[in-house]
Amino acid sequence: MQTSGIMNKSPGPSASSKPVTALVITSHNGPFEQRQVQLKDMRPDEIIVRMVATGVCHTDVGSAMGKLPPSPPAVLGHEGAGIVEEVGADVNHLAPGDHVLLSITSCGACRPCLRGLPSYCRVGPRLLFGGARADGSHTMSMGDVDIASPYFGQSSFASRSIVTANCAVKLDKDVPLDVLCPLGCGLQTGAGTVLNDLKPSVGESIAVFGVGSVGLAAVMAAVRFTPATQIIAIDINESRLQLAAELGATVTINSSGKDVVELIKAATAGEGVDRALDATGNTAVIEAMIASAANNGIVATVGAAPAGKFVNIEPAEWIGRNVSYVGSCEGSAHPQTVRMTQYFPSDPLFYFISFLAHMNLGSLFLLLWNFGSKVAFRLSA
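Everything in the sequence shown is counted per numbering that gives the first Met the number 0, starting at 0 for the first residue and increasing by one.
Don't take every hint at face value.
[Unchecked claim] Derived DEER-like restraints, expressed as beta-carbon distance ranges:
hint: 1; residue 1: N311; residue 2: E270; range: 18 to 26 Å
hint: 2; residue 1: G202; residue 2: Q37; range: 56 to 64 Å
hint: 3; residue 1: I318; residue 2: P68; range: 32 to 40 Å
Hint data in this document are derived by calculation from the structure and do not stem from the laboratory. Please read these numbers as outputs of a predicted model, since none were measured by experiment. Positions of the beta carbon are idealized from the N, C-alpha and C atoms, including for glycine.
Generate coordinates for the entire structure from the input sequences, incorporating the hints supplied.
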């Protein structure tokens, strides 16, 4: 049956008419509030997903605090996994009942998208952080009030959500959705940056600055999929460094109160690192990463620094060292590439929480800081 560009292949009422419980931010720095919301009309290129679980990311916290868009009221969440309940008429690769992992959305029509680089979609920032579809319409409301949605094409902090179909990756039904949910962003970012942007060669070293979930994914990718011989993990949290060592880091450095550049050079016989990744977004850390690079090295930033922050570079030294500094969004990966992360060990990476017990932003931020593992919560069985 097809109505207004929507194909509901499931019996019973449309999924959009079912009640939806969401975690809503109604003011910056306020708590997440559990609210009943309504799904608006679904478009032909969208699907409705019943969320089973979702990861919690520093980006979600940044938006909730007002450091990143959108403005409240908003339903955040961009590491969802769930079951398709309804598909739009233009969606051919998915059907009701499919299990899906959600990643980033993109326009699909600009030059980067057509070149297979949706992470660098020309309208990507608006689609990810704009709190609306490209035409300004929303997918959720509370009564007569529109809610900033979709976030990253999904707004996964809800029991059900209208999702842009091109960010959904079909999974085998025997794969546990609650374990895979964070792969669509955080782990993809860390692993993808190592494999797609840095590409360490035989005998080279790689350093990872900040070993939260993104940094740990970078460590694992370097260990399992590259010929790098020295993998250095840097952090100021000892428990994170311990986990990095368990996952294969050959050197760990607690940089608290120390000259990290000198420590890295000491660990690399004075050469510096051939490849490096910053997952902190801290400009002082980024400058230290650049300073610790070997001649002809490549270093990348994946952690989002607040708008208006800058990194100091001395051109004269830059020319003589031939160091390349790049930014990497979502690991320069295509959403379909998240399948490769099934080869990562899942047990040490995930810390499941009751979100209702941590709805205060301060509590949630402490969880993200204290655990190197990925924080996630289950929405339904």
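Okay, the hints, checked on the actual structure:
1. Distance hint check for N311 and E270: the Cβ-Cβ separation is about 23 Å, which falls inside the suggested range of 18 to 26 Å.
2. The supplied range of 56 to 64 Å is met by G202 and Q37, whose beta-carbon atoms lie about 58 Å from each other.
3. About 37 Å separates the C-beta atoms of I318 and P68, a value consistent with the hinted range of 32 to 40 Å.
In this structure, none of the earlier numbered hints is contradicted; all agree with it.
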